[in-house]
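Peer 1: So you can see what is in the structure, the chains are spelled out below.
2 protein chains.
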Amino acid sequence: MSLDAVLARIDADLPKATDRLMEFLRIPSISTDPAYKADCDTAADWLVADLKSLGIEAEKRPTPGHPMVVGHVGEAAEGVPHLLFYGHYDVQPVDPLTLWKTPPFEPQIEDTPNGPVIRGRGSSDDKGQLMTFVEACRAWKEIHGSLPCRITFFFEGEEESGSPSLIPFMQENAAELKADLALICDTSMVSRGVPSIASQLRGMLKDEFTITGPRIDLHSGHYGGPALNPLRELSRLVTSFYDEETGRVAVEGFYEGVHEVPEDQLRQWKTCGFDEEEYLSSVGFTEPHGEKAYSTLEQQWARPTLEINGLWGGYNGAGSKTVIPSEAHCKITCRLVGDMDPDALRLKIRKHVEDRLSTDAKVTWDNDLEGSRAPVMDITRPEFEAARGALSDEWEREAVFTGMGGSIPIAGFFKKILDLDSMLIGFANDDDAIHSPNEKYDVKSFHKGIRSWARVLAALTKAA
Amino acid sequence: MSLDAVLARIDADLPKATDRLMEFLRIPSISTDPAYKADCDTAADWLVADLKSLGIEAEKRPTPGHPMVVGHVGEAAEGVPHLLFYGHYDVQPVDPLTLWKTPPFEPQIEDTPNGPVIRGRGSSDDKGQLMTFVEACRAWKEIHGSLPCRITFFFEGEEESGSPSLIPFMQENAAELKADLALICDTSMVSRGVPSIASQLRGMLKDEFTITGPRIDLHSGHYGGPALNPLRELSRLVTSFYDEETGRVAVEGFYEGVHEVPEDQLRQWKTCGFDEEEYLSSVGFTEPHGEKAYSTLEQQWARPTLEINGLWGGYNGAGSKTVIPSEAHCKITCRLVGDMDPDALRLKIRKHVEDRLSTDAKVTWDNDLEGSRAPVMDITRPEFEAARGALSDEWEREAVFTGMGGSIPIAGFFKKILDLDSMLIGFANDDDAIHSPNEKYDVKSFHKGIRSWARVLAALTKAA
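Going down the list, the protein sequences come from chains A and B.
Under the numbering used here, the letters of the first sequence match residues 1 to 464, in that order.
Under the numbering used here, the letters of the second sequence match residues 1001 to 1464, in that order.
Next comes chain A alone, as it looks inside the complex:
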């Protein structure tokens, strides 16, 4: 059976695949720091060369920032999906360097209680993950002479610095990038050894407002008492966002468009190995603090939030200052789920504040902040169940459709700009220390990740 041959090839080639990854990791492609601009370019060149070695028509494509890498291989065929694979070749900065046990761009294999790991910046986020797919393609090509379907490769070099060029590039090249399904390898497994397909992410609404009390900063002796203090006003408004009894958001209509999680999915979540105690205690909590009627996992994956990300006003230096400030500021973000409409929700939140303003208080809103609906994957598409089966086979453990608390903007952009559903499969572990010193990727994640993609390719193209 040809899949077995591909898998055997992957096993045999693992040392060389690891060497290739190490070479890639040695390029310090830190996108946010201009000092590493040439290195980002080198990483893009490295990818182009590697894709070309697989017979893929790949090229580096300029942007106002770091280049994109786009590659095409294969022909569209009846009944076989055209896949787009996305990853990013840029990495996070490495500071504080003193906390690294080994130099971040001199990757090495290290033994740990959980098995060998590849230690180095980008090993997990995202070079190691990205290469699981490339190496699966390499093995497939070597066994079969060609890939099983048309595949577009799309790698960016600005994911860790806000992706400023991404949307314009996708808009300008929409026809070229259009495919049937996007595969994204930039996520974690829900717990060690449990293969996961992230099928429901949360959307995002950003807003910011300023409460103005007095026209100017006041002296708390001269005006303390009669003055409306905007910090007190803002605290009252923030407090009014919540119902303390239930832990719910108290903004009228906030939960419109929120759906309950179906029973069978809840069942998967209950047995997915999520370690609630570890999740909470690792950051200092003894209990979950969200909606009391929902489990910790539901609070994180399936329930919306209204979060205060920044709040400030008055004096914050050393000692004391007897000021009643003129202004108080608040930054909020909402995580959205289901069919929540960010534009409608923005109006509800603003109305909530405006309805509760004290006499003499004013509110002004920042109108430059965007919102995006929750990307909810259509897991009724047959590809999703096929991929879930392939992952279950590889990991000898039922794969689960998970939620994700975060937003993975790229999935939203694929939907919005290319009308493309995304399947998010990743093999990272929560202890990979991405964005932190001593980032690592388990060799097991790398090896079984490559094997997983080979199985997924086989399942999606029924070519095995």
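Just so you know, the hints here were simulated from the structure itself, not pulled from any lab data.
Take every hint as true, because none was put in to throw you off.
Which chain A residues face chain B? A few, computed with CB under 7 Å, are given here:
id : residue
1  : Thr239
2  : Gln299
3  : Gly313
For each residue, glycine too, the CB sits at the ideal point set by N, CA and C.
Starting from the structure of chain A, add chain B where the hints point.
Peer 2: Only chain B this time, still in chain A's reference frame:
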């Protein structure tokens, strides 16, 4: 009658008195800026020389900062009080310089709709006010050959920069500075033309606390929902400080030691010319926002406050950051009245917070912030009513005992260190723009201020 001779002398000497003040104002004695250290010294020398010209034994006394000026004149006598007069020769910085219509240290007389003013930095705060007393002494000396009682002059040069040397100097020289009554000329009239003796000031309690939620900053996608957000927690705690219905502070026992204002004083306040509408509207308010059961003036002068002076946590830069911060911070000050005990109140406020903390939230307090009781003058002392009569005579308008929302720390120090009551008489107007560009002092304030002090000296010593 000899007081009339003194007053006539004051009238005749006004041009020269004004010239002397202008000379004093030309010295840029900005205490907070080290670049003006020599100028502060020059201002002290100027004062020493001027006092000596009145036959006062005056000298410049070194401190680790700017020097004090101390002068003594006259002998203690039975039935005649020994007075201590306090003022400060340093001034505020002048930035932004571009907003000054005339150079801040080139004082000039300028006509305005309210009459001529002396324009320049320090004209009102406090050189002009300080000189009203010195000029009264000069006229008295010239008519009578000597002053009517023993007087100690005490001028500091660090009032605008936190008075770091004041307490140590007073402690080291307590015996020398001890007197029967302190006179302080650094306050305003309650309204234009209404002579005022500030007889009740508010005390101050400072505190600062930090609420810690998660052990580290969290990603609002990964933890939003289950996470306790310290900004929300802090907002809830701040809100719990107040009873919205009554406008009162809701901390248990907060009002212990607060007394109602006596009826006759309330009557004075009602007719003192305080322009409530102007006071509120000048800073953008249409109504007072303090305790609903009390008038605006009572809220400012006679009622305690719990004010939020600074509140901050999370991200406050441009755009958005999806963070749930680990910490949120709050600076508070309370204005105290009557017999409120700052030490006891601190414990009550802390208990209020600690009793209401959520599970998993922690609070830490800054233990380096002080408190001071409200300095309440003993207006039953005969000197107070005598001075009030003298001021009423000069201004042809009943003088009033006013409150002051602020703290005038020097009055508290005189009480605490020298066990000395203070009488605060000043002739500034609210539109003097002290601490701001284009500071001025009405010529009328200067002229009638000098005459007022002559009358007060006469009344206190019954020497007229």
